[in-house]
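Visitor: Chains as they are written, first to last, in the working numbering: chain P, 1 to 262; chain G, 1 to 291; chain H, 1 to 354.
Don't take each hint at face value.
What the hints assert, rightly or not - Label pairs and their computed distance ranges (CB to CB):
1) K104/H <-> L250/P: 52 to 62 angstroms
2) P68/G <-> K5/P: 24 to 34 angstroms
3) G92/P <-> K104/H: 53 to 63 angstroms
4) G9/P <-> V25/G: 43 to 53 angstroms
5) T15/H <-> V32/G: 25 to 35 angstroms
Said to hold, decoys possible - In the BS3-like style, the derived pairs of lysine-lysine whose C-alpha atoms are separated by at most 27 angstroms in a straight line are:
6) K167/H <-> K20/H
7) K35/P <-> K146/G
8) K50/G <-> K129/P
9) K50/G <-> K210/P
10) K109/G <-> K185/P
11) K181/H <-> K3/H
12) K5/P <-> K109/G
13) K5/P <-> K202/G
14) K153/H <-> K167/H
Said to hold, decoys possible - A few chain H residues facing chain P, derived, Cβ under 10 angstroms:
15) G51
16) F52
17) L54
18) G78
19) N83
20) H89
21) A162
22) D165
Calculated from the structure, these hints are not laboratory results. Note that the Cβ used here is the ideal one computed from N, Cα and C, for glycine as well.
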Amino acid sequence: MKGGKLLLGAAVTSVYVFLMLPIAIVVIASFNSGKYLKFPPEGFSLRWYANFFGSQPFMDATLLSFVLAVVAAAVATVIAVPAALYYVRHAGRWRETFRMLTLAPLLLPEILTAIALLFFYYQIGIGTKSALGLYLGHVVICIPFFFLQVTSALYNISPSLEEAARSLGATSWTSFRRVTLPLIKPGVINGALFAFIISFDNVSISLLLKGVGTTTLPMQVFDYLRWDFDPTTAAASTVSIAMTLGAVILVDRLVGLRAMRY
Amino acid sequence: MTAPSPTARPPGVRPRWLLAAPVLVTVAALIVVPYVNILVMSFRVPSTTKPYLPGFTFGNYTKALADPDFFYFELLFDTLRLALTITFLCLVVAYPVAFHLARTTSRWKGVLYALVLSPLLVGVVIRSFGWIILLANNGLINQSLKAWGMAPLPLMYNEFGVVLALVHVFLPFMILPLMGAIQGIDPRLEEAARSLGAGPAKVFWRVLFPLSMPGVQSGCILVFVLSCGAYVTPALLGAGRVHTMTTEVITLLDQFLWPFGAALALILSVVGLAAVAIYARLSGRLMRGLA
Amino acid sequence: MTKLKLDGLQKHYGTVAAVKGIDLDVAEGELVSLLGPSGCGKTTTLRCVAGFELPTGGRITFDGNEVTMLPPERRDIGMVFQNYALFPHMTVRENLRFGLEMRKVDAASMERRVADVLGMVQLTSMETRYPRQLSGGQQQRVALARALVIEPKLLLLDEPLANLDAKLRDEMRFFIRSLQKRVGITTLYVTHDQAEAMVMSDRIVVMFDGLIHQVGGARDIYDRPATRQVASFIGLSNFVTGRVAGRDGSLWRLETSFGTISCGAGIAPGAGSPATAMVRPEAIDLSAAPVAGAFPGRVSERFFLGNLVDYRITMSDGTLLQVQQPATAAFAPGDEVHATLPAERAWLVRDDAA
Numbered sequence: 001m002k003g004g005k006l007l008l009g010a011a012v013t014s015v016y017v018f019l020m021l022p023i024a025i026v027v028i029a030s031f032n033s034g035k036y037l038k039f040p041p042e043g044f045s046l047r048w049y050a051n052f053f054g055s056q057p058f059m060d061a062t063l064l065s066f067v068l069a070v071v072a073a074a075v076a077t078v079i080a081v082p083a084a085l086y087y088v089r090h091a092g093r094w095r096e097t098f099r100m101l102t103l104a105p106l107l108l109p110e111i112l113t114a115i116a117l118l119f120f121y122y123q124i125g126i127g128t129k130s131a132l133g134l135y136l137g138h139v140v141i142c143i144p145f146f147f148l149q150v151t152s153a154l155y156n157i158s159p160s161l162e163e164a165a166r167s168l169g170a171t172s173w174t175s176f177r178r179v180t181l182p183l184i185k186p187g188v189i190n191g192a193l194f195a196f197i198i199s200f201d202n203v204s205i206s207l208l209l210k211g212v213g214t215t216t217l218p219m220q221v222f223d224y225l226r227w228d229f230d231p232t233t234a235a236a237s238t239v240s241i242a243m244t245l246g247a248v249i250l251v252d253r254l255v256g257l258r259a260m261r262y
Numbered sequence: 001m002t003a004p005s006p007t008a009r010p011p012g013v014r015p016r017w018l019l020a021a022p023v024l025v026t027v028a029a030l031i032v033v034p035y036v037n038i039l040v041m042s043f044r045v046p047s048t049t050k051p052y053l054p055g056f057t058f059g060n061y062t063k064a065l066a067d068p069d070f071f072y073f074e075l076l077f078d079t080l081r082l083a084l085t086i087t088f089l090c091l092v093v094a095y096p097v098a099f100h101l102a103r104t105t106s107r108w109k110g111v112l113y114a115l116v117l118s119p120l121l122v123g124v125v126i127r128s129f130g131w132i133i134l135l136a137n138n139g140l141i142n143q144s145l146k147a148w149g150m151a152p153l154p155l156m157y158n159e160f161g162v163v164l165a166l167v168h169v170f171l172p173f174m175i176l177p178l179m180g181a182i183q184g185i186d187p188r189l190e191e192a193a194r195s196l197g198a199g200p201a202k203v204f205w206r207v208l209f210p211l212s213m214p215g216v217q218s219g220c221i222l223v224f225v226l227s228c229g230a231y232v233t234p235a236l237l238g239a240g241r242v243h244t245m246t247t248e249v250i251t252l253l254d255q256f257l258w259p260f261g262a263a264l265a266l267i268l269s270v271v272g273l274a275a276v277a278i279y280a281r282l283s284g285r286l287m288r289g290l291a
Numbered sequence: 001m002t003k004l005k006l007d008g009l010q011k012h013y014g015t016v017a018a019v020k021g022i023d024l025d026v027a028e029g030e031l032v033s034l035l036g037p038s039g040c041g042k043t044t045t046l047r048c049v050a051g052f053e054l055p056t057g058g059r060i061t062f063d064g065n066e067v068t069m070l071p072p073e074r075r076d077i078g079m080v081f082q083n084y085a086l087f088p089h090m091t092v093r094e095n096l097r098f099g100l101e102m103r104k105v106d107a108a109s110m111e112r113r114v115a116d117v118l119g120m121v122q123l124t125s126m127e128t129r130y131p132r133q134l135s136g137g138q139q140q141r142v143a144l145a146r147a148l149v150i151e152p153k154l155l156l157l158d159e160p161l162a163n164l165d166a167k168l169r170d171e172m173r174f175f176i177r178s179l180q181k182r183v184g185i186t187t188l189y190v191t192h193d194q195a196e197a198m199v200m201s202d203r204i205v206v207m208f209d210g211l212i213h214q215v216g217g218a219r220d221i222y223d224r225p226a227t228r229q230v231a232s233f234i235g236l237s238n239f240v241t242g243r244v245a246g247r248d249g250s251l252w253r254l255e256t257s258f259g260t261i262s263c264g265a266g267i268a269p270g271a272g273s274p275a276t277a278m279v280r281p282e283a284i285d286l287s288a289a290p291v292a293g294a295f296p297g298r299v300s301e302r303f304f305l306g307n308l309v310d311y312r313i314t315m316s317d318g319t320l321l322q323v324q325q326p327a328t329a330a331f332a333p334g335d336e337v338h339a340t341l342p343a344e345r346a347w348l349v350r351d352d353a354a
C-alpha cells in the first residue's frame, strides 16, 4: 500500500517535470550567454533580448500577432456570445446540429481548415494579398473556445433568473442586459482570454494565410527554427509566454475582483 | 397599466434565430464553403504552374491510394501508426496524473491543476523549441553525454523526437477529460471493492478503469485526431526526415500541386474520422458490456 | 384586485399534452392552490398564466382582458420561484427596486415602497446584503417581497416552500397566508404537498395528468373526493369495490364481498353497476363485541404510531382494511374484531382504473 502510494507520487511528479521541462528550458536558454545551452549554463546575458527588441521583423511580427489576437477575440465575442445564448436558451430541434457547426473549427484538423481557406481565398480572388483572410481565419478558430466558455457560464445560471426579471416587467433585452450579462461576464472574459491565446499562439492558420511580407510572432519563430538555431528565438518565445501570462493575470484580476461580490 | 392588447407579439416568436445568425454565416462562409471547395478541388487536374488545369479526374485519388510503390499508402499507414502510438503513450502517462489530481485533497491542488493547464497557454512552436534545445545533436542532453564521455544519441530528426514532443503537446488534452471522468466516480466504490477482497490491481482494472471509460474515450479521440492533423511539431523535430501526411501535403502545396494535396488531406481526415468511429463503436460495445 | 379566468387552457409539447383543457375561475383576493403529483400539469398551467409558456389552446383573462399571448413583462404579475431566483449580483434592495425601475417609478415612492415591503416581510435590516448572505427563509421572504413590491394584479407562487426544512416550512405557510390576506391579492399557488395546500388555500384544484379532477375546499376534497386518484393523493384511504345495490335517500347501498355498506356519493351510478367506495382509516370503528351493521374481521398486523395505532384488518372475504384508532384502544394481532364503516364517512368515487 505504502509502496503503491510512493510509486504513484513518483510517477505523478515526473509527469509534472516532463510537462514543465521544455518550457523552462526555453526561458533558461533566453537568458544564457552562449549560443548553445550547456549544463551548467555558461552565464547570464540579456543579449538575445537586445537582439529581439532591436530586430524590425521581430517587432513587426509581435505587433501583428498582438493586434490579430485582440481583433480576433473582439470579433469572436460578437459572434460567439449570441450563439451560446441561442444554444443554451432557445435552440430547438436543430440544437445539436447547431452545436456541431459552431464547434466545427475545433473538431476539424486545423491544418486542413487552413488549406481549405487558402484554396477558397484563391478561388474568390482575395488570395493572400489582403490581411483580411488572415484575420478571418483567426476569428473562425477562436469561435469554438469562446462558445464553450460562454455556454458553460450560461448553464451555471438558472433560467428562472431571467424569468424573474421578465415577471417584474423587464423586456427580454433588459433582462439580458441587467441580469444575464452581468452574471455571465466572467465566462465572456474567460472566453475572450481563450480566444486571445488561441490566436496569439496559432501557427497552422498563419502558416498558410499570412500575406506576402507579413508574419506573426510564432511564424517568425517557426521560420527561424527551421533554418537555424538562434537564441533570439528563445527570447522571442519568452516574451510571448510573458505576454500570455500577462493576459491571464489581467483577466484573473478583472474576473477575480468582480466574482468576489457575489 | 393600460389594458394589454391580445394581439401583441407573443414571447415565443421573437426573431431568436437572429442570435444564431452571426455564427451560422461565419461557419458557412469560412468552413462549409471552403471544405466543399477543397472537395471539388481534389477532383481537379494538377498542374505545377497554376492551381489546376480544366476538367475533372479521379487521378489524384488513384495516385494517392494505388501508386505502384504504395508511397502514399505507406505514408498514411505511418501517420496513423504514429497517432496511435502517441495516443497510447498519452493515456499511460496521463492516467496516474489524472487520478492523483481528481482524488487529491492537497491544498496544492489548484497549483497542480494550473501546472497541467499551463502548457496549453504556451504555443506549440515554443514547446517544440524546448524539445529541440534538449534533443538536438548538439543539444543539452547530447552535450552532457559528451561531457561525461558517452556517445551522443540520435534523439531528434527521427520518430522518437517527434513522438516525445507530441506526447508533451497533447498530454493536457488527455489529462483533463480523464480527470473529469475520475472525479465523477464515487471513491466509496473503490472502498467497496476493497472490502469485497479486491487488491489494488483488481480495483483498478475491474472498477476504476471501466468506470472512467467515457473520459478514456474522449481523451483518446481528441489526442488521436489532433495527432493525425499535427504539422508544426513533426516539421520542426522531424526536420524533413520524418514524413507524415500533413508534412507531405504542405510540401505539395509548396510545389503548387493543389488538387493532389487536397485529395491527400481529405483521405487523411476521412481515414482519421473512420478510425475514431470504429474506436467509438468498439469502446461503446465494451462499455455496454460492462454495464 | 383581479379576477383570473382560464378557459379551456391547453398546452402541448409536440405530441405530448401537458395540460389537456382546463377551466378555472379565481375570485378577487382568493388564494387557489394547484395540487397534484409532479408531471400533472400544475406548473405548466402556472407558467401559462405567467406568460413563460404559450398555451396551444384556450384563453387566459385577467378581469376580462385577454392576456393569453402577452409576453410576461406586460402581464403585471408577481412571481415567486421555487429556487427564489433572486439576482445574485444585486443586494436585497436592488432586487426589490428592479421591478419598480422597470415601471419607471419615481425615486421617492420607490424608497417608500421598498421600505414598506421590507417591513412587511421583516427584513428591514437586511437591505444591503447579497442573497447568498441570507438564510433560506430570508431569501424566501425577499422573493416574496420582490414580487409584492410592484403591487401586481396577480401573485403566482411555484412550490415556494419546497427548498425549506420542515420547521421553517410550517412557519412560512402561515406567514405567506396571513400576508396574502393582508394585501388581499389574488393568488395562484402551485404545490405537491397536500398539507400545505390544505392549510393555505381558499380552494384547492387537484390535477392529474393534465386535467382537473376536483376543485373545492380542504374539507370537500378530504371527505368527498371526486375520484379515486384524488382520494389516494390526499391522506390515507381504503378502497372497497362492489356493485351498486340501490339507493336510500341521499345514500347508496354498495354490495361488497364482505357485506353491504352505505355511502354518500357525488356521482349517480346505475343500479347493478360496479363502483368503488372510499373510507378513511380513522373513520372505521373497531369493537371486540359484535355491533349492529359491523362486519367481522381479524387483526393481522399492528403498528404503534404514537398518537395512533395502525391496524391491518383482514375481512371475512380476505379484503385488507387499514384502520387507525386512538392509542387507547388495544387489539392484538389475531384478535377477532368487528369493523363499522359509517355511512357518512364512506364516499363513492369515480374509479377510472376499475
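Visitor: It remains to establish, for every hint, whether it holds in the given structure.
Guide: Taking the hints in turn, this is what the structure says about them:
no., hint, result
1, K104/H <-> L250/P: 52 to 62 angstroms, "violated (38 angstroms)"
2, P68/G <-> K5/P: 24 to 34 angstroms, "violated (58 angstroms)"
3, G92/P <-> K104/H: 53 to 63 angstroms, "violated (35 angstroms)"
4, G9/P <-> V25/G: 43 to 53 angstroms, "holds (52 angstroms)"
5, T15/H <-> V32/G: 25 to 35 angstroms, "holds (33 angstroms)"
6, K167/H <-> K20/H, "violated (36 angstroms)"
7, K35/P <-> K146/G, "holds (17 angstroms)"
8, K50/G <-> K129/P, "holds (17 angstroms)"
9, K50/G <-> K210/P, "holds (20 angstroms)"
10, K109/G <-> K185/P, "holds (26 angstroms)"
11, K181/H <-> K3/H, "holds (16 angstroms)"
12, K5/P <-> K109/G, "holds (17 angstroms)"
13, K5/P <-> K202/G, "holds (16 angstroms)"
14, K153/H <-> K167/H, "violated (31 angstroms)"
15, G51, "holds (7 angstroms)"
16, F52, "holds (6 angstroms)"
17, L54, "violated (13 angstroms)"
18, G78, "holds (7 angstroms)"
19, N83, "holds (6 angstroms)"
20, H89, "holds (5 angstroms)"
21, A162, "violated (13 angstroms)"
22, D165, "violated (21 angstroms)"
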